[in-house]
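**Student:** This is what each chain is made of:
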Amino acid sequence: MSNLLVRVRIAVLERTIASGQVPTAGEIAADLDLPLVMVQETYARLGESHVFVCEPGDPSRLRMANPFSAVPTAFKVSARGGLYYGNCVWDSLGIISLLGGDGTVETPCPDCSEPLSLRVTGGKLVESDCVVHFSVPARHWWDDIVFT
Amino acid sequence: MLLFRSEEHVERSGKPKGALMTPEQMWRLADIWYHDRDDPSWRRRSAEEAEEVFAEIGLTGEFWSLTG
Numbered sequence: 001m002s003n004l005l006v007r008v009r010i011a012v013l014e015r016t017i018a019s020g021q022v023p024t025a026g027e028i029a030a031d032l033d034l035p036l037v038m039v040q041e042t043y044a045r046l047g048e049s050h051v052f053v054c055e056p057g058d059p060s061r062l063r064m065a066n067p068f069s070a071v072p073t074a075f076k077v078s079a080r081g082g083l084y085y086g087n088c089v090w091d092s093l094g095i096i097s098l099l100g101g102d103g104t105v106e107t108p109c110p111d112c113s114e115p116l117s118l119r120v121t122g123g124k125l126v127e128s129d130c131v132v133h134f135s136v137p138a139r140h141w142w143d144d145i146v147f148t
Numbered sequence: 149m150l151l152f153r154s155e156e157h158v159e160r161s162g163k164p165k166g167a168l169m170t171p172e173q174m175w176r177l178a179d180i181w182y183h184d185r186d187d188p189s190w191r192r193r194s195a196e197e198a199e200e201v202f203a204e205i206g207l208t209g210e211f212w213s214l215t216g
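Top to bottom, those sequences are chains P and S.
For the first sequence, position 81 (counting from the first letter as 1) is numbered 81 according to the working numbering, and the numbering increases by one without interruption.
For the second sequence, position 51 (counting from the first letter as 1) is numbered 199 according to the working numbering, and the numbering increases by one without interruption.
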């Protein structure tokens with residue numbers, strides 16, 4: 001990964017962790033003192049390489065800065081004093097891992113809407129009798145990553 | 149990847165059959181996958197490397213195949 005890709009990737013994650021909001025290309029351009037178009041192109045390259053997911057039709061926005069979602073979802077994550085949205089249960093637990101291994105995921109059961117939660121403390125998951133369901137086989141995850 | 153109250157709730161929801169895993173497996177996969185995502189030296193796993201991670205937590209077979 002080129003130096004620019006790494007700088008932008010890390011800046012996006014750091015800003016998201018600090019603020020709970022996935023930054024625009026303009027915010028990253030200001031942070032790193034780079035031309036806006038250069039950051040937009042880097043966002044596009046990070047999307048093409050499946051590191052992040054771009055917002056269709058807007059070169060300044062990401063839809064996902066994995067594991068974070070740039071838009072509200074059904075997966076609310078609290079960790080290290082911050083509140084975040086995950087893209088799915090995998091990414092939501094990924095946020096907790098990235099932030100040190102303590103946190104909670106809250107999401108409603110897609111069938112009955114009962115509030116469910118998963119809690120991780122000290123890097124260990126508190127036992128849960130819920131189940132995780134994957135609809136799409138692994139080789140097709142990136143065919144439509146938003147659906148996946 | 150969604151969290152359901154139980155397998156019965158998955159069936160009732162009408163979702164495609166897909167695959168199930170325990171929250172513990174999901175946590176282990178998420179932890180391996182994302183714990184170092186903010187490390188500048190991180191790089192995306194190859195398909196072969198991803199399959200190795202899946203196998204490490206007991207996810208094998210056609211559903212989890214990326215290379216077959």
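Hints were generated in silico from the structure; no laboratory data involved.
Since this is a predicted model, take the numbers as computed values, not measurements.
Heads up, a few of these hints could be off.
[Stated by the list, open to error] Which residues of chain S face chain P? A few of them, derived with a C-beta cut under 8 Å, are:
| no. | residue |
| --- | --- |
| 1 | Phe152 |
| 2 | Glu155 |
| 3 | Val158 |
| 4 | Gly166 |
| 5 | Ala167 |
| 6 | Leu168 |
| 7 | Leu177 |
| 8 | Trp181 |
| 9 | Tyr182 |
| 10 | Arg193 |
| 11 | Val201 |
| 12 | Ala203 |
| 13 | Ile205 |
| 14 | Thr208 |
| 15 | Leu214 |
C-beta: ideal position from N, C-alpha, C; glycine also.
**Student:** All the hints need checking, so say for each whether the structure fits it.
**Tutor:** Going through the hints against the structure:
Checking Phe152 of chain S against chain P by beta carbon gives a least distance of about 5 Å; that is within 8 Å, so the hint holds. Here the hint on Glu155 of chain S is kept, as its CB sits about 5 Å from the closest CB of chain P, short of 8 Å. Restraint check, Val158 of chain S versus chain P: the minimum CB separation of about 5 Å is within 8 Å; hint holds. Among the interface hints, the one on Gly166 of chain S holds; its C-beta lies about 4 Å from the nearest C-beta in chain P, closer than the 8 Å criterion.
A distance limit of 8 Å between C-beta atoms decides the matter here; for Ala167 of chain S the minimum to chain P is near 5 Å, and the interface restraint holds. Residue-level restraint check for Leu168 of chain S holds (minimum Cβ-Cβ distance to chain P is 5 Å; threshold 8 Å). For Leu177 of chain S, the interface hint holds, since its Cβ comes within 8 Å of a Cβ in chain P; the closest pair sits about 7 Å apart. Proximity of Trp181 of chain S to chain P holds as hinted, the smallest CB-CB distance being about 6 Å (cut-off 8 Å).
Against a cut-off of 8 Å between C-beta atoms, the interface hint on Tyr182 of chain S holds, since the closest Cβ of chain P lies about 3 Å away. Using the Cβ-Cβ criterion of 8 Å, the hint placing Arg193 of chain S at the interface with chain P is not satisfied: the shortest such distance is roughly 11 Å. Given the 8 Å rule on beta carbons, the hint for Val201 of chain S is violated: about 11 Å separates it from the nearest Cβ of chain P. For the restraint placing Ala203 of chain S at the interface with chain P, the shortest Cβ-Cβ distance is roughly 12 Å, beyond the 8 Å limit, so the hint is violated.
Hint status for Ile205 of chain S relative to chain P: violated, with the closest Cβ pair at about 12 Å, above 8 Å. Interface restraint check for Thr208 of chain S: the shortest CB-CB distance to chain P comes to about 11 Å, outside 8 Å, so the restraint is violated. Look at Leu214 of chain S: its Cβ gets to within about 5 Å of chain P, closer than 8 Å, so that hint holds up.
Of the numbered hints given earlier, the model fails hints 10, 11, 12, 13, 14; all others are met.
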